[in-house]
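A.B. asks: The residues making up each chain are set out below.
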Amino acid sequence: MTVPLSYYVALSAVVFLTGLLGVLVRRNVIIILLSVELMLNATNINFVAFSQAFHNIAGQVFVFFALTVAAAEVAVGLAIIIALHRAKSTINVDEFQMLKW
Amino acid sequence: MEQVFFFYFALVIAASSVLVVAMRNPIYSALSLLIMFFHVAGLYVSLHAEFLAAVQVIVYAGAILVLYLFVVMLLNLKQDDRYHRQWPVAAVIGTVLVIESIVLTLLNGGSAPAVRIEQESAAAGLGNTEALGDVLYSTYLFPFEVASLILLVAMIGAIILAKKDLGGRHA
Numbered sequence: 001m002t003v004p005l006s007y008y009v010a011l012s013a014v015v016f017l018t019g020l021l022g023v024l025v026r027r028n029v030i031i032i033l034l035s036v037e038l039m040l041n042a043t044n045i046n047f048v049a050f051s052q053a054f055h056n057i058a059g060q061v062f063v064f065f066a067l068t069v070a071a072a073e074v075a076v077g078l079a080i081i082i083a084l085h086r087a088k089s090t091i092n093v094d095e096f097q098m099l100k101w
Numbered sequence: 102m103e104q105v106f107f108f109y110f111a112l113v114i115a116a117s118s119v120l121v122v123a124m125r126n127p128i129y130s131a132l133s134l135l136i137m138f139f140h141v142a143g144l145y146v147s148l149h150a151e152f153l154a155a156v157q158v159i160v161y162a163g164a165i166l167v168l169y170l171f172v173v174m175l176l177n178l179k180q181d182d183r184y185h186r187q188w189p190v191a192a193v194i195g196t197v198l199v200i201e202s203i204v205l206t207l208l209n210g211g212s213a214p215a216v217r218i219e220q221e222s223a224a225a226g227l228g229n230t231e232a233l234g235d236v237l238y239s240t241y242l243f244p245f246e247v248a249s250l251i252l253l254v255a256m257i258g259a260i261i262l263a264k265k266d267l268g269g270r271h272a
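Just so you know, the sequences run in chain order A and B.
1 is the number of the first residue of the first sequence in this note's numbering; add one for each residue after it.
102 is the number of the first residue of the second sequence in this note's numbering; add one for each residue after it.
For the record, the hints were derived by calculation from the structure and aren't laboratory data.
Distance ranges between label pairs, derived from CB positions:
1. Gln104(B) - Ala87(A): 50 to 60 Å
2. Val105(B) - Glu95(A): 40 to 50 Å
3. Phe106(B) - Leu99(A): 44 to 54 Å
4. Ile128(B) - Glu95(A): 20 to 30 Å
Every value quoted in this text rests on a predicted model; they were computed, and no experiment measured them.
Glycine included, every Cβ here is placed at the ideal spot set by N, Cα and C.
I would like the entire structure built from these sequences, with the hints used as guidance.
C.D. replies: Here is the structure:
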């Protein structure tokens, strides 16, 4: 194991920030969901790297749970996107202001 | 040798995640996310987490990404995805966070590998899958059951949300 732990943390930070930037700047709802997936993967990389570094399998178990939550999030998120597209026939986030008072 | 693999995987992961955000066409974004998922799985293999690598390929690349591509092609999107109006704010915040994380990583980078070396002797006698299953079905049994409940709720929620007559939209 010759790769330092900080390299993994740096890679995870880069991927997470890319996802955060995607959520902030893009207006397509599907791209926003894809960016959320990027952020979840960044945290998973961190979990696995630390699990390997400390020889504790619990980190990999938590990646397992994060994966479950990601699958649930995708199912519900895409259902919401389909419902929104049916209501407004667009998936541009600027068009969705129903909750704004 | 491991460093070569790590830098290859890290480079491709970073580049393809940038492509996910930068591409105009959602299908290209989803496909570069596929490349990223495969390389994250390769990174897991190099970290001796073989079971998670397999699950990553099966669940993320096999199920989640197919779902994304299905929805993208179902909705037949027009090219109306310009960037958000507030993107300068996001760029400033992102740049600040990148600089901060680089500085923090460089400041604390020297102390991290020491931890790794002093704990190197801890034995990992079992294989990865056996060890993971052992912990998952004993220590984390209750979170495991809660995860199944989350999947059930997500399934019901997705079916209800995507039904034809969404309540309150009778027009």
